[in-house]
Structure formats: structure tokens, C-alpha cells
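*Asks:* Turn these sequences into a full structure, and let the hints guide you.
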Amino acid sequence: MDGFKEAQSLEELRKHVNENDLAFLFLYGQNCSVCHGVLPQIKPIVEGFPEIKTLQADVEKIPEISGEYIVFTVPVVLLFVDGREVMRFARFIEKNKLHEQLDKITSALSS
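Mapping the sequence shown onto my numbering, position 38 (from 1) lands on 38, and the numbers just tick up by one.
Check the hints yourself; a few may be wrong.
Below, simulated DSS-like cross-link-like pairs (lysine-lysine); rule was C-alpha separation at most 25 Å, straight line [stated by the list, open to error]:
{"hint": "1", "residue 1": "LYS43", "residue 2": "LYS104"}
{"hint": "2", "residue 1": "LYS53", "residue 2": "LYS5"}
{"hint": "3", "residue 1": "LYS61", "residue 2": "LYS97"}
{"hint": "4", "residue 1": "LYS15", "residue 2": "LYS5"}
{"hint": "5", "residue 1": "LYS43", "residue 2": "LYS5"}
{"hint": "6", "residue 1": "LYS43", "residue 2": "LYS97"}
{"hint": "7", "residue 1": "LYS53", "residue 2": "LYS43"}
{"hint": "8", "residue 1": "LYS95", "residue 2": "LYS53"}
{"hint": "9", "residue 1": "LYS97", "residue 2": "LYS5"}
Honestly, the hints are just simulated from the structure, not real lab data.
*Replies:* Encoded structure:
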């Protein structure tokens, strides 16, 4: 799916989370119509915060993701600060709330 850089393994996701101060994950399913509709809407929002490093992964191709990140439904967006989850939205992702949360978190960290 076109969007962010695609992860090929659970290890790649772990590395992304652990090596970036602000790590964003978009977890989706290839056959999820909501996922395909949400991604083009949230991508420009997230890209508006260049300090956030992004990655996406298909939970159907890498099923271990569901256990690692406690995913019961897709899409899921996660934000990690220094390896710790600080934000999670699932299924129906409100663009305004996503932008508001990203703004609060990045502003707090830059102070």
C-alpha cells in the first residue's frame, strides 16, 4: 500500500521504535477498506511533523505484530517517544484529534 516506508519484519519495527526519538507506526491490513481510506488522509498530517519518523506494516504479512503491539483491529496508529508508546488510535481515526495529539506531544518535547 502506498504511504509510508513499508516494514518487512517485526525486527524492523522494533528497530524503528528503539532507534528513533519519535517513531510513528501505521499498522494495516491489505484487505481493509478503512485502512486504504484512512492512510491518504493521515499521511499529510504526520508528514507535517518532520521530527516524527514513520513506518507502516501489514499485520496480515507479519502476524507477530498483533501480539507485539496488542492489535485487535486495523488500522492502528501508534506513536512512541524514546521507545515508549504515548499515543494510539484504532479503527476510525479522527484527523483533527490525531493532529492535535501530535502537536501536543511534539510541542512538549521541543520545550
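*Asks:* Any hints from earlier that this structure breaks? Give me their numbers in increasing order, please.
*Replies:* Hint 3 contradicted; others consistent.
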